[in-house]
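Chain order of the listed sequences is Z and F. Just so you know, we're using this note's numbering here: the first sequence kicks off at 1 and counts up by one. Just so you know, we're using this note's numbering here: the second sequence kicks off at 1 and counts up by one.
Note that these hints are calculated values from the structure, not bench results. Bear in mind the structure is a predicted one, so any value in this text is a computation, not a measurement. Even for Gly, the Cβ is constructed at its ideal location relative to N, Cα and C. Mixed in with the good hints there might be a few duds.
As the list claims (entries may be wrong) - To spell it out: a stretch of chain F is covered by chain Z in this simulated footprint if at least three of its residues, at any positions, have a beta carbon under 8 Å from a beta carbon of chain Z; those stretches are: (1) 61-68; (2) 77-85.
Said to hold, decoys possible - Not the full set, but computed from the structure, chain F residues with beta-carbon under 10 Å of chain Z: (3) G3; (4) R9; (5) S31; (6) V32; (7) Y49; (8) G58; (9) L105; (10) A109.
As the list claims (entries may be wrong) - Facing chain Z, according to a computed beta carbon distance under 10 Å, are these residues of chain F, among others: (11) S27; (12) W34; (13) Y35; (14) Q37; (15) F47; (16) E48; (17) F50; (18) R55; (19) N71; (20) R73; (21) V104; (22) F107; (23) G110; (24) R112.
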Amino acid sequence: TQLLEQSPQFLSIQEGENLTVYCNSSSVFSSLQWYRQEPGEGPVLLVTVVTGGEVKKLKRLTFQFGDARKDSSLHITAAQPGDTGLYLCAGADAGGTSYGKLTFGQGTILTVHP
Amino acid sequence: KAGVTQTPRYLIKTRGQQVTLSCSPISGHRSVSWYQQTPGQGLQFLFEYFSETQRNKGNFPGRFSGRQFSNSRSEMNVSTLELGDSALYLCASSLAGPGSGANVLTFGAGSRLTVL
Numbered sequence: 001t002q003l004l005e006q007s008p009q010f011l012s013i014q015e016g017e018n019l020t021v022y023c024n025s026s027s028v029f030s031s032l033q034w035y036r037q038e039p040g041e042g043p044v045l046l047v048t049v050v051t052g053g054e055v056k057k058l059k060r061l062t063f064q065f066g067d068a069r070k071d072s073s074l075h076i077t078a079a080q081p082g083d084t085g086l087y088l089c090a091g092a093d094a095g096g097t098s099y100g101k102l103t104f105g106q107g108t109i110l111t112v113h114p
Numbered sequence: 001k002a003g004v005t006q007t008p009r010y011l012i013k014t015r016g017q018q019v020t021l022s023c024s025p026i027s028g029h030r031s032v033s034w035y036q037q038t039p040g041q042g043l044q045f046l047f048e049y050f051s052e053t054q055r056n057k058g059n060f061p062g063r064f065s066g067r068q069f070s071n072s073r074s075e076m077n078v079s080t081l082e083l084g085d086s087a088l089y090l091c092a093s094s095l096a097g098p099g100s101g102a103n104v105l106t107f108g109a110g111s112r113l114t115v116l
């Protein structure tokens with residue numbers, strides 16, 4: 001059974017601060033995705049990283065996939081109240097035949113105070 | 001284009017009853033997956049369907065079942081409801097098919113089930 005350990009579980013910061021969320025596993029994933037979920041809604045995809053060592057930037061968000069494709073991080077620069085939400089990492093099995101099966105981390109609840 | 005539509009959005013059932021949840025994927029998406037989300041366990045994979053066939057099943061008891069129709073719409077059923085089945089049930093669709101790349105999912109807003 002593949003597991004994704006996501007940390008921290010909770011993050012409460014002031015507007016303008018930087019933060020990093022980590023996602024770690026002992027398993028190799030073919031790809032790793034980050035989602036953001038707001039109350040009453042389903043998760044919305046932020047980014048997919050596929051290649052070991054890959055770094056992707058989305059405005060103030062920087063995503064990194066570990067060289068061994070077992071871990072990933074999400075860094076937010078100058079957080080804003082609009083960044084508040086539940087952040088989820090999710091991995092797709094390496095070598096799997098699934099089209100929709102992802103292993104999710106427990107999530108990080110981020111609160112950015114004005 | 002329309003997103004993933006799940007119905008009903010909210011429902012309340014009592015122990016022992018059964019429930020059916022519906023999911024309409026994005027037009028053209030043939031893969032539909034179901035997830036259960038609870039505060040304690042997070043998002044857990046239930047099953048996925050592609051071309052009306054179940055391709056994968058998560059570690060849930062047989063009370064949880066699903067199916068997919070020829071138009072890719074999907075339903076999941078939970079029989080003999082237990083208090084612990086209270087959760088947000090999320091459906092996700094994917095364009096992915098044989099030989100495609102990463103599993104990129106588009107989620108619906110979910111069906112919030114409360115079992116009393």
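Hint by hint, here is what the structure shows:
1. 61-68: Three-residue rule not met by the segment 61-68 of chain F, so violated; n is 0.
2. 77-85: The restraint on the segment 77-85 of chain F is violated, since only 0 of its residues have a Cβ under 8 Å from chain Z and three are required.
3. G3: holds (9 Å)
4. R9: holds (9 Å)
5. S31: holds (4 Å)
6. V32: Holds: closest Cβ of chain Z sits about 7 Å from F/V32, inside 10 Å.
7. Y49: The hint holds - F/Y49 has a Cβ within 10 Å of chain Z, the shortest such distance being about 8 Å.
8. G58: The hint holds - F/G58 has a Cβ within 10 Å of chain Z, the shortest such distance being about 8 Å.
9. L105: Since the shortest Cβ distance to chain Z is 6 Å, the answer is holds.
10. A109: Status holds, d = 5 Å.
11. S27: It is violated, given that the least Cβ distance between F/S27 and chain Z is near 17 Å, above 10 Å.
12. W34: holds (9 Å)
13. Y35: Cβ of F/Y35 sits 8 Å from chain Z, so the hint holds.
14. Q37: holds (9 Å)
15. F47: holds (9 Å)
16. E48: holds (4 Å)
17. F50: Constraint on F/F50 satisfied, holds at 6 Å.
18. R55: Hint holds; F/R55 Cβ to chain Z Cβ min 6 Å, cut 10 Å.
19. N71: With a closest approach of 17 Å, the F/N71 hint is violated.
20. R73: Since chain Z brings no Cβ nearer than about 15 Å to F/R73, farther than 10 Å, the hint is violated.
21. V104: Because about 6 Å separates F/V104 from the closest Cβ in chain Z, which is inside the 10 Å limit, the hint holds.
22. F107: holds (3 Å)
23. G110: holds (5 Å)
24. R112: Hint on F/R112: holds, closest Cβ of chain Z at ~9 Å, below 10 Å.
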